[in-house]
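Asker: Chain by chain, the residues:
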Amino acid sequence: MLTGPTRRIRNPRRQSSQPAGDVFQAVADPTRRALLDLLAEGEEPVNSLAERFAMSRPAISQHLAILLRTRLVRARRVGRERRYRLQPQPLEEIYDWVGLYERFWTAKLGALGEHLRKNS
Amino acid sequence: MKRDLRFEVIYPNRMEDVWHALTDSGALASWLMENDFKPLPGHRFHFRSKSRFGFERLIPCEVLVVDEPRVLSWNWGDEGSVVTFRLVAIPEGTRLTLEHTGLKGVRGIALAWILSHGWVHKIEPKLPAVLANRGFGTDAL
Chain A
1 MLTGPTRRIR
11 NPRRQSSQPA
21 GDVFQAVADP
31 TRRALLDLLA
41 EGEEPVNSLA
51 ERFAMSRPAI
61 SQHLAILLRT
71 RLVRARRVGR
81 ERRYRLQPQP
91 LEEIYDWVGL
101 YERFWTAKLG
111 ALGEHLRKNS
Chain B
121 MKRDLRFEVI
131 YPNRMEDVWH
141 ALTDSGALAS
151 WLMENDFKPL
161 PGHRFHFRSK
171 SRFGFERLIP
181 CEVLVVDEPR
191 VLSWNWGDEG
201 SVVTFRLVAI
211 PEGTRLTLEH
221 TGLKGVRGIA
231 LAWILSHGWV
241 HKIEPKLPAV
251 LANRGFGTDA
261 L
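Protein chains in written order, with our numbering: chain A, 1 to 120; chain B, 121 to 261.
If you are wondering where the hints come from, they were derived from the structure by calculation, not from laboratory data. Keep in mind that a hint or two might mislead.
Stated by the list, open to error - The calculated BS3-like cross-link candidates involving lysine-lysine, where the alpha carbons are at most 25 Å apart (straight line), are:
id, chain 1, residue 1, chain 2, residue 2
1, B, 170, A, 108
2, B, 170, B, 158
3, A, 108, A, 118
4, A, 108, B, 158
5, B, 158, A, 118
Same shape as in the complex, but just chain A (with noise of 0.2 Å):
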């Protein structure tokens, strides 16, 4: 599951060569899934969202364009600056993921109970 370019992520540079969009790997790392937290809970300028991090600016907006990548975030100009916006439509992918484990394990008991009405 874990591909080469999976494992680039953690070098900055490399991450605008990526194709768009791989939401596993937008959450993967602590500080999106931290600024998706706070974007939960409503829409935030970019320097608000800095300010809660012990990280520069620009660190924290490279973290945003990987979101924006997803399309996870949404952002939009008011005024001089941009705003933030969670877009959560992206982690049915997750859910997928989850419901496609889900879906196995639950058939799967099923089927034990069958079995065990059979032959017990």
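Model the placement of chain B on the given structure of chain A, informed by the hints.
Answerer: Frame of chain A, contents of chain B only:
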């Protein structure tokens, strides 16, 4: 961070019968997947599944714990996750708990995050729908 899937089922069967269904290769084949399982710690085996497109997939596993008739666990697949069954005798029959833990890599992290965040459920109603869909199984992962 939570990174586990957990299921609990009560079967109206005796614990020994449930244990047999979990540890007998033929029984496992009938409800789970074709396999060369043996209830011996350290035994390496495979589950064989077919995708809906007919491709065969081998899931390499290794038996970790065989504590008859209470606990059975095995390593599951290349992801290094662990599947654990626990049985408890109750008046109605047997309570089985299944845990699939240690899902690794970016997917495991994403899963942990999803499972540990109440706000995700508030914003996005799809997960409860997924849970409600339990029972629509798939043979292939």
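Asker: Does each hint hold? Answer for all of them.
Answerer: How the hints compare with the structure:
Between residue 170/B and residue 108/A the CA atoms are separated by roughly 15 Å; this keeps the pair inside 25 Å, and the hint holds. Under the criterion of a C-alpha separation no larger than 25 Å, the hint pairing residue 170/B with residue 158/B is consistent with the structure, at around 21 Å. Proposed proximity of residue 108/A and residue 118/A is supported: the alpha carbons are some 15 Å apart, at most 25 Å. For the proposed pair residue 108/A and residue 158/B, the alpha carbon gap of about 19 Å is at most 25 Å, so the pair holds.
Using a Cα cut-off of 25 Å, the hinted pair residue 158/B and residue 118/A holds, with the two alpha carbons roughly 23 Å apart.
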